[in-house]
Amino acid sequence: MDPIYLDHNATTPVEPEVVDAMQAYFGRRFGNASSVHQFGRDAKVALETAREQIAAFINCEPSELFFTSGGTESDNIAVLGTAFQWQAKKNHIIVGSTEHHAVLEPAEWLHHKHGFGFDKLPVDREGFTSPDSLRQLMTDQTFLVSVMHGNNETGAIQNLTALTEVCRERNVLFHTDAVQSVGKVPVDVKKLGVDLLSLTGHKIYGPKGAGALFVRQGVKITPLFYGGSHEKKRRPGTENVAGIVGLAKALEIAGRRMADDSARLGALTDYFIEAVLARIPHTHLNSPRRNRLPQVANLSFTGAEGESIVLSLDIEGVAVSSGSACTSGATEPSHVLVAMGIDRIVAQGAIRFSLGRSTTKEQIDRVLKVLPPIIERLRAMSPVHPQTQA
Amino acid sequence: MAVRVLVAMSGGVDSSVAALLLKEQGYEVIGAHMKLWDYVEVGGDIHKDGRCCTVDSITDCRFVCDAIGAPFYVLNLSADFREKVIENFVSEYRAGRTPNPCVRCNSEVKWDAFLLKAEQLGCEYIATGHYAIVERGENGRLRIRKGVDGTRDQSYVLWGLSQDALSKTLMPLGMLTKAKVRDLARKHDLRTADKAESREICFVADDNYRRFLSEWEEKHHRRFESGEIVDEAGQVLGTHQGTPFYTIGQRKGLGVSNPKPLYVQKIDVADNRVVVGGEDALYADSLIADSVNWMAADPTAIPEFALVKIRYLHKPAPARLIRLTDSRIHVIFQQKQRAITPGQTVVFYDGDTVLGGGVIRETSAMSAA
Numbered sequence: 031m032d033p034i035y036l037d038h039n040a041t042t043p044v045e046p047e048v049v050d051a052m053q054a055y056f057g058r059r060f061g062n063a064s065s066v067h068q069f070g071r072d073a074k075v076a077l078e079t080a081r082e083q084i085a086a087f088i089n090c091e092p093s094e095l096f097f098t099s100g101g102t103e104s105d106n107i108a109v110l111g112t113a114f115q116w117q118a119k120k121n122h123i124i125v126g127s128t129e130h131h132a133v134l135e136p137a138e139w140l141h142h143k144h145g146f147g148f149d150k151l152p153v154d155r156e157g158f159t160s161p162d163s164l165r166q167l168m169t170d171q172t173f174l175v176s177v178m179h180g181n182n183e184t185g186a187i188q189n190l191t192a193l194t195e196v197c198r199e200r201n202v203l204f205h206t207d208a209v210q211s212v213g214k215v216p217v218d219v220k221k222l223g224v225d226l227l228s229l230t231g232h233k234i235y236g237p238k239g240a241g242a243l244f245v246r247q248g249v250k251i252t253p254l255f256y257g258g259s260h261e262k263k264r265r266p267g268t269e270n271v272a273g274i275v276g277l278a279k280a281l282e283i284a285g286r287r288m289a290d291d292s293a294r295l296g297a298l299t300d301y302f303i304e305a306v307l308a309r310i311p312h313t314h315l316n317s318p319r320r321n322r323l324p325q326v327a328n329l330s331f332t333g334a335e336g337e338s339i340v341l342s343l344d345i346e347g348v349a350v351s352s353g354s355a356c357t358s359g360a361t362e363p364s365h366v367l368v369a370m371g372i373d374r375i376v377a378q379g380a381i382r383f384s385l386g387r388s389t390t391k392e393q394i395d396r397v398l399k400v401l402p403p404i405i406e407r408l409r410a411m412s413p414v415h416p417q418t419q420a
Numbered sequence: 271m272a273v274r275v276l277v278a279m280s281g282g283v284d285s286s287v288a289a290l291l292l293k294e295q296g297y298e299v300i301g302a303h304m305k306l307w308d309y310v311e312v313g314g315d316i317h318k319d320g321r322c323c324t325v326d327s328i329t330d331c332r333f334v335c336d337a338i339g340a341p342f343y344v345l346n347l348s349a350d351f352r353e354k355v356i357e358n359f360v361s362e363y364r365a366g367r368t369p370n371p372c373v374r375c376n377s378e379v380k381w382d383a384f385l386l387k388a389e390q391l392g393c394e395y396i397a398t399g400h401y402a403i404v405e406r407g408e409n410g411r412l413r414i415r416k417g418v419d420g421t422r423d424q425s426y427v428l429w430g431l432s433q434d435a436l437s438k439t440l441m442p443l444g445m446l447t448k449a450k451v452r453d454l455a456r457k458h459d460l461r462t463a464d465k466a467e468s469r470e471i472c473f474v475a476d477d478n479y480r481r482f483l484s485e486w487e488e489k490h491h492r493r494f495e496s497g498e499i500v501d502e503a504g505q506v507l508g509t510h511q512g513t514p515f516y517t518i519g520q521r522k523g524l525g526v527s528n529p530k531p532l533y534v535q536k537i538d539v540a541d542n543r544v545v546v547g548g549e550d551a552l553y554a555d556s557l558i559a560d561s562v563n564w565m566a567a568d569p570t571a572i573p574e575f576a577l578v579k580i581r582y583l584h585k586p587a588p589a590r591l592i593r594l595t596d597s598r599i600h601v602i603f604q605q606k607q608r609a610i611t612p613g614q615t616v617v618f619y620d621g622d623t624v625l626g627g628g629v630i631r632e633t634s635a636m637s638a639a
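Protein sequence lines, in the order shown, are assigned to chains H and X.
Counting in my numbering, the first sequence runs from 31 upward without gaps.
Counting in my numbering, the second sequence runs from 271 upward without gaps.
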């Protein structure tokens, strides 16, 4: 039987139309966009066209967008680049407690190695934070707040406008990791009010290794790399023209398909959630019911540990992710779910199902067939079986 | 439907071929590597070849599984391993004994946490690349018999397995020689075919257990106290750097000069002393073992005599077995044995078959009485 891929938040297949658009830039149009000759000019035109397209997509100026290798690099430049810029004047960062490690770890590194103050913004049971929480953590030393737009593990979409208003009042920069939300829900940097925004290609049916960072006009960052004048010296290195062309094409397709994809996948995901909750007792929905990326369902099966569920589903040909880092035999629960106040044992049984364009109702029905016996088997062997807990 | 089996893969040629053979026999093979420790934790030479739990070994497992068409997973059992094997290893040395961590690992990790994982994944069996045979004896009990390749006998570290564990275990290499295993690996183009192997303690990467113990204790803000080296009459002959650095029968590295060679006779933790003496005093003909597990032998009817092995490279010697309790036994050898070492494993054989085993607690010279 064909495998079923329900891990689109990890990565997505590249759309054939995107591959077609990229093809020429591996061969015939291979030039270095910095070269003065016709080969270089040709690549440069492709690069700048892509920049304009992507800028239009998130409603910024082309000059406010620069290209990176992807989400992790964009997040690192946003956090570290602003920190080094502000170091002499201010030294306090606030990040969401449910951030991706690409934001959390650079912030922690600044804290441990460079003495920066560092606070995590608390979230509620559904993963949402509030302007009041943000106000409480702010000090006169705060120069950056970084809060993710659409959460990679639960799909919770943060109300950024309410948070960016708080930052604007106090002249504090706001960065958002929008890697999971761009292309799936409308993202407009002006409406959101953000100063920096990370995005990447491979979560939206584009290539791996191509991403971008939006930096609002007037916001200064210290580069992390040196060695060339590419991207206005903010990110030197020969541009990945093929990848960037692919990124632009992927966003163009995403824009075209957004309404349809989101309606269909939202309904299919809701159907899946309801069916699982109805068929498997002691199941918890960790994703919010509203304000959620349409195609994500994070569910916990009390008494069945996440890693074993993932491996068992893989053996049945269903690809999902536990959304938690396995650091020991007793799987370490996800920091996102723990921050949401979810019991550690419940969090250990969390599975992220992330649907995508190729997902069909037939596939979902097959998953609904193979999942219950797996959970039953694991619970029968578990010391924390819900029945024995009661 | 094919029977599902979880193969414990170290990254070496043996477990690679075990997986290959089971696949050929029609099992649904799933490969898994147990991640038991990392170099940050245990120190030593990160580049040493043939080691388990390195990135290279995991990559080798991954390629072998890909080649034979089996899924492959890395299972992180390091918390279990640290608690049940490494910490035990250190505390045994601290208690004046010489532990056998491989035995502990087998019964406490491989045939416990790993077996549980296999059951969670719907596997009926686990399989390993041990050169040993699992079979059912005439008394109905499951047992381990030495593999066909006498030079690779691993039965000595497998005595601790329960009947339940054995009933879920396949050891497909038992009837093969190492040479044949390498041949099979070459024939199937497995990348581990000519890989060097290690037979030392896996987490002591440089085979220097003293270095390991010192670093481990330092990391945990403890250290070993130096003390006196004395002869059997209590006369002080020198200074030791901590009792865990000495093992029964050791001659080298004592730093004591004496007309005739001196050997460690006893580790006296209570008085923090290492007792040394002449070679004759190393011989004893009796030991008491505990943590006894009976395998081929019916626990209610253990044999009166057996061939008894007291360390990995020891030639089994005939002895009388006297049951003290269910888990404790008195072993009296027909002839005195050299350097019976508390903490080491004692295994009872009937020919090639493992009757059972235990852990040596104390030793005594019966015939002198």
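Don't read these hints as lab results, they were simulated from the structure.
A hint or two may mislead.
[Stated by the list, open to error] If we take Cβ atoms under 8 angstroms as the criterion, some of the chain X residues that face chain H in the derived model are:
#1 ILE300
#2 GLY339
#3 TYR343
#4 LEU454
#5 HIS458
All of these numbers come straight from a predicted model, not from anything done at the bench.
The C-beta atom is built at its ideal place from N, Cα and C for all residues, glycine as well.
Now the hints, each set against the structure:
no. : hint   : verdict
1   : ILE300 : 7 angstroms, holds
2   : GLY339 : 13 angstroms, violated
3   : TYR343 : 6 angstroms, holds
4   : LEU454 : 26 angstroms, violated
5   : HIS458 : 23 angstroms, violated
In summary, the structure is inconsistent with hints 2, 4, 5 from the numbered list given earlier, while agreeing with the others.
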